[in-house]
Structure formats: C-alpha cells, structure tokens
Amino acid sequence: MHPIDWTIIAVYLSWIVWDGLRLTKRSHELEGYFLASRSLPWWAVGLSVMATQLSAITMIGTTGQGYEDGMRFLQFYYALPLAMIVLSVTLVPFFHNARVFTAYEFLEQRFDAKTRAFTSLLFLFSRSMSLGVVISAPAVVLAVVLNISVTNTALLIALPTAVYTMFGGVQAVTWTDVKQVVLIVFGLIAAIVVLVLGLPGEVSVPQALRIAGATGRLQTFDFSFDLTNQYTFWSGTIAAFFLFCSYFGTDQSQVQRYLAAKSVSAARSSLMMSAYWKIPLQALVLLVGVFMFLFYLFTPAPMLFNAVHDRELREGPRAAEYGTLEGRFVTANEARRRAGLELADADASGDAARLTAAGSAFAAREAEVRSIRGEALSLVREATGDESYNDVNYVFPTFILTQMPVGLIGLLIAAIFAAAMSTISAEMASLSTATVIDFYRRFAKGYATDRHYLWVSRLATGFWGLFASGVAIWAAELGSLIEVVNRFGSFFYGSILGVFVLAVGFRHTTANGAFLGLLAGMGAVAWAASFTGVAFLWHNVIGAVVVVIVGLTVSAVEGLGRRVSGVGS
Amino acid sequence: MTTEINARQNYARVLILWVAVLVGLYAFQEYFS
Numbered sequence: 001m002h003p004i005d006w007t008i009i010a011v012y013l014s015w016i017v018w019d020g021l022r023l024t025k026r027s028h029e030l031e032g033y034f035l036a037s038r039s040l041p042w043w044a045v046g047l048s049v050m051a052t053q054l055s056a057i058t059m060i061g062t063t064g065q066g067y068e069d070g071m072r073f074l075q076f077y078y079a080l081p082l083a084m085i086v087l088s089v090t091l092v093p094f095f096h097n098a099r100v101f102t103a104y105e106f107l108e109q110r111f112d113a114k115t116r117a118f119t120s121l122l123f124l125f126s127r128s129m130s131l132g133v134v135i136s137a138p139a140v141v142l143a144v145v146l147n148i149s150v151t152n153t154a155l156l157i158a159l160p161t162a163v164y165t166m167f168g169g170v171q172a173v174t175w176t177d178v179k180q181v182v183l184i185v186f187g188l189i190a191a192i193v194v195l196v197l198g199l200p201g202e203v204s205v206p207q208a209l210r211i212a213g214a215t216g217r218l219q220t221f222d223f224s225f226d227l228t229n230q231y232t233f234w235s236g237t238i239a240a241f242f243l244f245c246s247y248f249g250t251d252q253s254q255v256q257r258y259l260a261a262k263s264v265s266a267a268r269s270s271l272m273m274s275a276y277w278k279i280p281l282q283a284l285v286l287l288v289g290v291f292m293f294l295f296y297l298f299t300p301a302p303m304l305f306n307a308v309h310d311r312e313l314r315e316g317p318r319a320a321e322y323g324t325l326e327g328r329f330v331t332a333n334e335a336r337r338r339a340g341l342e343l344a345d346a347d348a349s350g351d352a353a354r355l356t357a358a359g360s361a362f363a364a365r366e367a368e369v370r371s372i373r374g375e376a377l378s379l380v381r382e383a384t385g386d387e388s389y390n391d392v393n394y395v396f397p398t399f400i401l402t403q404m405p406v407g408l409i410g411l412l413i414a415a416i417f418a419a420a421m422s423t424i425s426a427e428m429a430s431l432s433t434a435t436v437i438d439f440y441r442r443f444a445k446g447y448a449t450d451r452h453y454l455w456v457s458r459l460a461t462g463f464w465g466l467f468a469s470g471v472a473i474w475a476a477e478l479g480s481l482i483e484v485v486n487r488f489g490s491f492f493y494g495s496i497l498g499v500f501v502l503a504v505g506f507r508h509t510t511a512n513g514a515f516l517g518l519l520a521g522m523g524a525v526a527w528a529a530s531f532t533g534v535a536f537l538w539h540n541v542i543g544a545v546v547v548v549i550v551g552l553t554v555s556a557v558e559g560l561g562r563r564v565s566g567v568g569s
Numbered sequence: 001m002t003t004e005i006n007a008r009q010n011y012a013r014v015l016i017l018w019v020a021v022l023v024g025l026y027a028f029q030e031y032f033s
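Protein chains in written order, with the working numbering: chain A, 1 to 569; chain F, 1 to 33.
Don't take each hint at face value.
[What the hints assert, rightly or not] Away from chain F, derived, C-beta distances all over 12 angstroms, residues of chain A:
hint: 1; residue: GLN207
hint: 2; residue: PRO302
hint: 3; residue: ALA348
hint: 4; residue: ASP386
hint: 5; residue: GLY407
[Unchecked claim] Just a few of them, taken from the derived set where beta-carbon distance is under 7 angstroms, the chain A residues facing chain F:
hint: 6; residue: ILE85
hint: 7; residue: VAL86
hint: 8; residue: LEU209
hint: 9; residue: ARG210
hint: 10; residue: GLY213
hint: 11; residue: LEU218
hint: 12; residue: GLN219
hint: 13; residue: THR220
hint: 14; residue: LYS278
hint: 15; residue: LEU281
hint: 16; residue: PHE443
hint: 17; residue: ALA444
hint: 18; residue: ALA448
Hints were generated in silico from the structure; no laboratory data involved.
Computed from a predicted structure; not experimentally measured.
For every residue, glycine included, the Cβ atom is placed at its ideal position computed from N, Cα and C.
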C-alpha cells in the first residue's frame, strides 16, 4: 500500500480519537456519560443507530455476499420499517417516561429484580462475545490484505475506540458515529463509481445489470414459503419483524441510543431515519457486491481472493493440482467474458430470441466458473482443515487494494475501520451501562456520588474494551466455539422480546409469569435449534410467542390461585 | 396533539414509501431478469 494511503488511515485513527476525547468535558456526571444528558438531536441519534448496525462485517461480508450470491439478502430487511413504527408507538414512550438508563431497568419497575438481572446478564454475555467477533472478523481480513498480524489489526480497531468511549461516553460514541457513517457512505459511493467506470466501454450500466440479472443476482424477492430458508420474502417480513423488534426495542446497544434523544418525539424521529434509509443503504452495500461481480467479469479475477491461501497452495504439495485448476479457471473466465459481451450485445439489439439464448449461454459459463472456484475453495478446506471456509469476505478488500486509485484505497480502508469502530463503541458503552446500572449500582453499591459511579463506569468501559480485544485476538483459535456462543445468543433474542411484550401489552402479567415465560421461551428455541431445521430467523418468532403464551398462562393460574385463596380466607 | 398528528403522518409516509420501495425493487428485479 502506498504511503499516502497509510497516512490517510493514520490521520483517520488519530482524528477520531481526538474528536471523541474532546467531548469528555460534557460527560462529568452519570447521565451525561451514559445518556448524553438526554440532550441529543434526532438526526444525530438516527445516524448513530444506523452507524452501529453498519459494522465492518457489513462492509466486507455483505459486499462479498452481493458478489457471490446477489441481492437476495436484502429481503432480510423488509420488515425493518414496520418494526420501527411499532416500536415508536409502543416501547419508546414507555422507556422515556420511565426515565431509565437501561431497557432491563424498566423490567424491574414492571416485574421484579430477578427478571431485570437475568435479561441484563443474557445481554452482557451475548453482546460481549459478539463484540469480540465484530472486532475479529475485519481484523482477520485486514491482517491478510494489509500484511500485518491479526493482533495488530484487532488492537488498531479496539484500542482507539475503547479510549474515546471510556472518556467521552455516549456523547463521544454518537458524534463520532455521525462522522463515521458519512465516511462509510462516501466510501461505498466511491467504490460504486470506480466499479462503473471500470466496465468496458461497449457495456452500458443497464446492459451490465441485465448480465447480473441473468445470473439471478438481482433477485430481491423469493416468495417460496420454506421455514429452512433464511432469505425469503416471508422470513424477511414476518420472522425478521420479531428480530428487529427485539434488537431495536430490547437490546441495550440500540435502546441506549434513543434514550439519549432529547424527547420522545426526537427518539421516534431517530428510529424513523432507519425506517427510511436502512433498505436503500443495504441495497447500496449489496450493489457494490453485484458491481464487483460485473467488474471481475471483464477484468481478470483471482481464483482465490485470500492472497495467503493462494500463495500457500501455489507453493505447497498440491501446487500442480492448483496450477491445473487455475488454467481451467482462466479459460472458463475468458469464455464467460465473451458470453457476457454477447449478452450485452443481444440486449442492445432488442432481439428477444437472441437475448434469451445469450442469457442461457452466459448462465452456463457462469456456472462453470463457479464450479471451478468451488473446487479451489475445496482445496483450501482440505489444506486448512476448515470445512466451512469461504473467501467472500476477502473480495471487497482485495478489490480495494488492487483496483482502487491511491488515496481512495486509504479512504476505503479507513471506512472499514470506521464501520468496525462505530459498532463496537456503542456496544462497549452499552455493556458498561448494563454492568454499572443493572448490577453495580443495583446490587453492590446503591448509594454513592455521581463522581464515584462515573469512575466505575469508565473502568467498566475499559474492562469491556480489553475483554473484547482478548476475545477478538483469540477468536481465530476459538473458531467454532465463538460460533456456538453466538448461536446461543440467538436463543434468547425472541424470548426477551416476549418479556417486553408482556410488560407493555398485558397489564395482568405477573413477575413469575414473565420469568417462567422467559425460561420456557429459551427452552423452546433451544429445542427448535437442536431438533428441527427451522432457520434461525424463525427462532425469534418461536421464542416471543412461547414466552407470551406461557407468561399469560402462569399469570392467569397465579391470579386464579390468589382469588381462590382470597375467597377461602 | 400536534406532535401526535405529526408522528402519525410520519408513520403513514414511512408505510407509503415502504410499499413504493418494495414495488420498485420488484420491478427492478423483473426488468433486468
């Protein structure tokens, strides 16, 4: 990488830390530190919410998914605007009027301390683990493309973020998020421009899109009703609706954002920003992937995007096999390029029969290229022993480093850092808030000065920053264990939503009803995950529905018991 | 009261735009497939 690009990354990292630290002076009491004194404008909160969701995994993983699989993943977000409306009407005013610091604090006001402590504990466990993954996933990829160690990239992401979050609190998190999301969107648009300019002169953008369409990469609707398929219209609108209600309505990393808004109205408007912009933004991310596919259709593409594995196979004992495969890949790629040009030409001619024939021919050539790439990936799986290996996460970083002009390379890598940092800063702040408010202040030291709590809060933020860095650095070794932990995290998303539905929607629900309902919901999801092939999005529906049914039943039985004993006495 | 009306108008706008975006995406998919 050119020194100019390294300079841009260094300037970005220094500037973002300075920008966050200068907000320290506005965080001298607990409410200022955790909730920015409930003073933030709606647009800053809205951009911060969007920045938190737009992680580095989105930047590198989702663009790679767009490259390999097209825009199907967009269906996952179709329910988001509906969830935002429902939350704005229901949970947001409850949280604001309750003047709470955490979503779980509200559960103690409504039910009891054990429900609050248990839900908060589940949040701490799952979020701290996912924080490690959010750091490690880009750290592993950036280590390969920048040719530095994973430890260094993980620390480059985590430590600056921990520093400004520790001292600046939610003020720093929000205002750095605002700048980071601008950088990310600018980077994505710059990538699209470079990709479009990289298409051959004889292929227009509509013709290129016709080629992508012929491979099914522009498919954004799948109306088949299949509970085992993650990305269909129905899972995206029904099951994901429960996930988004749970994520935006009960996850402290999101709730904390709009609790910092200066009014209920501002909090609602901030959620509406996601309702308006999330689907277009996600479409933009996936389109980057689709245009990378089109770009590499006409520009020689590497067979493997992970340069380390490419080198290892080239120099290893199976070099001859790999070389033969690469020869076939080059030939198939060239045939696919010619078929692509023919398809573009057929599209321009307006001849429907020729267009259909060219579309079929292109799809066949594309299938051949995919098959050879699949064989190459299998070679890596055999060589590394990692059976789930895929190199889609390396497509976008490789494109940036090998095809973008000097200056933009640094900017795009900085945008990936920004995406990671904007997510982990919010998560560190929320972990610290739950630790201090739901446990330390609630169970350990109920009465102390604001100065004391602020000091403990900063220590808690620092602790979670170090903990996440540790998880991130060891994540590569832990591998499947981390996956298991995250799977476990998905067991209770829907169930926690069920508890909040009981809290807000059913005033006769008892504390025991809510708690036992929560346990039953988690059990039901664990059963569904272990013994059925139902896709994980539907686990949220199962969890929420079981919690509500069991919670209402237990509450009704308790109520009946009280009435009977009341009559008897 | 005015805030409530504004909020409802905002929700209605989101719903209308949501339908428009989905219809647009479907048309995009069909046109280029």
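*Checking against the hints above, which ones are violated?*
1, 7, 14, 15, 16, 17 and 18
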